[in-house]
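**Q** The lines below spell out each chain.
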Amino acid sequence: MSQANTGCAVEVAAEEPRARESLWSKALYKFMHDRMGMWSLAVVALYGIIALGVWAGLWGQGWSANDGPMWAPPSSEYWLGTNIIGQDIFQRAIFSTKTAFEVGLVVAVLSTILGGLLGALSGFFSNRWADELILWLMGVLDSIPFYLFVAAIAFALSGFPYAMHVAMVLTFWTATARLVRGEVIKLKNFEFVEAARAIGVPQFTIIFRHILPNTFHILLVQATIVFVGAIKSEVILSFLGLGVKNGVSWGLMIAESTQEVQAGHFSNFITASAFLFVLVMAFNMFSDALQDALDPKKVQ
Amino acid sequence: MIPITVFQALRKALVLAVLPLSLLGCGAGVDVEKALEGHLNGPPKIYRHSLAGAPASLDPLNSATMYANTIMTNVYDTLYRYKYLARPYEITPNLATGMPEVSEDGLTYVFRIKPGVYFIDDPAFPDGKGRELTAADFVYSIQRHFDPNNRSQGSWLWAGRIIGLDDWGKQGADYNAEVEGLKALDRYTIQIKLKKPYPQLIHTFAQGFSAIVPREAVARYGREFAVHPVGSGPFRMLRYEPGTYALMVRNVKFRQEPIDLQAEGFDPKLHDGFGLEAIQGKAPPLVDVLKIDFIKQSAAQWASFTKGNEIQFTGVPVEQVEEVLASKQRPLKLKPEYAEKYRMSHAIEAGFVHTDFNMRDPAIGYNDDPEREKRNKQLRCAIRAAFDWEDRNQRFYSGIGVIFPGIIPPVVPEFDPNLSRESVTRDLDKARALMRAGGWTAENLPTLVYGGVASVTTRQMFEQFRGWMKAIGFPEEKVVFDSYATFGDFNKAVKQAKIMIVGMGWGLDYPDAQNTLQLFYGPYGSPGSNNSNYNNPEYNRLYEQAAVMQPSPERTRIYRKMNEIMIDDCVSNTGLSRDRIMMWHKNVISYADRQIVGGFHLRFVDVLQKEEN
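In order, the protein sequences belong to chains A and B.
The first sequence begins at 1 in the numbering used here and counts up by one.
The second sequence begins at 1001 in the numbering used here and counts up by one.
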């Protein structure tokens, strides 16, 4: 018996962890075994640390000092040289990481929250007036060319330093909302939702406690996509003079470089482009790996 | 063999004849051939000029930019123009027969115009034949500015000065009604009566705003007149693509007046090496075709110029200055590889850049509390002492701009080369001492708001300014940039006195310091031209006293006194006149000017044909 019990116990012990495995733990396991995913996460984390260090005042604080020589070449004092007014290009690139993360985080968090809420409402009340209204709103926002929309918002909120953030959030949430809507339409017909309805759980509790948590894998992946999209848009908008008002960003550095390149000074252009390229590349790869890891069809 | 040789010769002749025209593009060559039919002796001479901006309208009513002015002075006639080569600039008769007869009291002017000057042929005239230009056309052209149906940008030149003219406009602008102060006494004589002396009047008649238009053309074309000029200038518009180019051909009816280089201010020491001697005795215009390309991007303009077969003139972009100059020491010289292909001239601009404080802002200007007002002045003087003009010149103006104290720039005869340079010399110790004397600390300093257009250069200028301010104790967050999407938006905010620190440039309308001194005359405060809203009773009194004086040592003394008052009050960080470098192809005979002479110089431009080269 004891042997049999022991044997049974061993068998049960071997099965137990599998029984506790959730989508999240399986995804984590899968992600951690994705070499490219881990490398890209490391790069993103490194940028994150740089941004945190700037935010905490540890480095990059001399981005605005203009006491250097004009267009100095790289040296031990100015690692990547200086721009026309003698500002340290390396310090500016480092500080711009904070700008990029700030914009990325604010836009990703807000547009994910907005997209998640409105997408869930739209999906749960599909084919009813609330759904029609939200779909109409999304259609209207999607039909406006992005940069025109940002320019209009910037003009309407004249002088408001976060006009760019507002415009991005108003634009980016729709993609998230469409995805969440589709998922919620699928989920609302599942038995656990019907069971909740049957025992009289209020509608909003069903949406926010039972359905929405099951869309978190979509929200997470979508947030990373929005994050990188916001960074790229910020660079383009700053290049066009519609972006960052106070501070510096890679977009502003590239805008500065348009005149410098003609005079044969490439440091601003190369530095800002390289910082942007590496982060966007890493974030895209991270996003892909995350998507693979969280895809319920692929999680075994 | 012979037939082949003949064939080759014919082909060569054809290529030579057609090639220059093909450079104009879009089949324009055919139009040129047709327009100059019977007036060409061989291939047409083509000169391709360029401007860094485009005119918004070709109606003299809207000749507010140098781009519009350049076109206006070539397709229309003005009573006066500026001598081609004389520096300082000198005014000279153009359509007028001579200088005006001015009454003793300086209130009545009589101008006589040349007889036998004809407008170009145009369907607006009976049988399409241009009629003779008369004094009545001049009167009509000035009256148009006061017609409430027209939105003139140039009426300010004469507003409140000519007897009866403002009232004529207010009473409905009846062109058959006589204006007491603006009359055609006969076919060739104009009389102007002023309310008070206006010594700069003659200069206003060398502006594009005063270009003479025929009433028939305005009536026929209506709004289209803004793109269909009908004038009597040295060129006539053949094709105009708004924002892209203006293609003009020689006005074959233009009066024949041989060039007298001495009279134009030729100085062998200054003008040697430009080949100008070759145009002596020729009658302008000297080229058959004048094409002006409007190219806003300096890189594109430079690329087109250096390509060799496109535009033949360019201003040198700041980023190319190091590349083309052998040395920045005066006189500036091109590197040999550029000197081989191009000619170059440079000139101190007729204007200057300055950064004003908005005196209506109680945080930095006038304040109800006399003590605070005194401290504000100390703060402004400290900021000025920290302002580094040398640094700005090096970084943004290639180090070749001319820094001068005050608001009387070097290009005008009233400039004082001996004036103390203290106000344009950076002195951080003095700035810090002023901050201490005013009791200014990082905690109680006001936030400086630096306004400007959202362009790279303006932002960099702001960041440079912020760096200077940090050096005297301003925390970074207390120096902020207020950016505007367009110059129009920025200017609107300036005119509403909303911006604390305003960086601006000013181009002189005429070479008289009155034109810059008025920028600080109290009654001209926002929305007028006085962006700083400076209002000093003594300065105002002197301005009013000098405004009615003819040029004289006494007037110069008053001008200089006003300049000193303005400097003492620390109203503006000023100033710097940019040195403009211009280049043109070596087969072009020219002495280009983008300042006061402006568009008038184009009639003197000649192009050497291949065999002359």
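If you are wondering where the hints come from, they were derived from the structure by calculation, not from laboratory data.
Treat the hints loosely; a few may be bogus.
Restraint-style ranges between C-beta atoms, simulated for each label pair [as the list claims (entries may be wrong)]: (1) B/A1326 with A/M70: 12 to 22 Å; (2) A/L240 with B/N1444: 29 to 39 Å; (3) A/V278 with B/G1053: 33 to 43 Å; (4) B/K1495 with A/V278: 26 to 36 Å.
Derived, one-sided and incomplete: chain A residues facing chain B with beta-carbon distance under 8 Å [to be verified]: (5) D67; (6) I85; (7) F155; (8) R178; (9) N189; (10) Q203.
Glycine included, C-beta positions come from ideal geometry on N, C-alpha and C.
**Q** Give a verdict on every hint.
**A** Hint-by-hint comparison with the structure:
{"no.": "1", "hint": "B/A1326 with A/M70: 12 to 22 Å", "result": "holds, 20 Å"}
{"no.": "2", "hint": "A/L240 with B/N1444: 29 to 39 Å", "result": "holds, 38 Å"}
{"no.": "3", "hint": "A/V278 with B/G1053: 33 to 43 Å", "result": "holds, 40 Å"}
{"no.": "4", "hint": "B/K1495 with A/V278: 26 to 36 Å", "result": "violated, 46 Å"}
{"no.": "5", "hint": "D67", "result": "holds, 7 Å"}
{"no.": "6", "hint": "I85", "result": "holds, 5 Å"}
{"no.": "7", "hint": "F155", "result": "holds, 7 Å"}
{"no.": "8", "hint": "R178", "result": "violated, 32 Å"}
{"no.": "9", "hint": "N189", "result": "violated, 50 Å"}
{"no.": "10", "hint": "Q203", "result": "violated, 46 Å"}
Hint compliance for this structure: hints 4, 8, 9, 10 are broken, all remaining hints hold.
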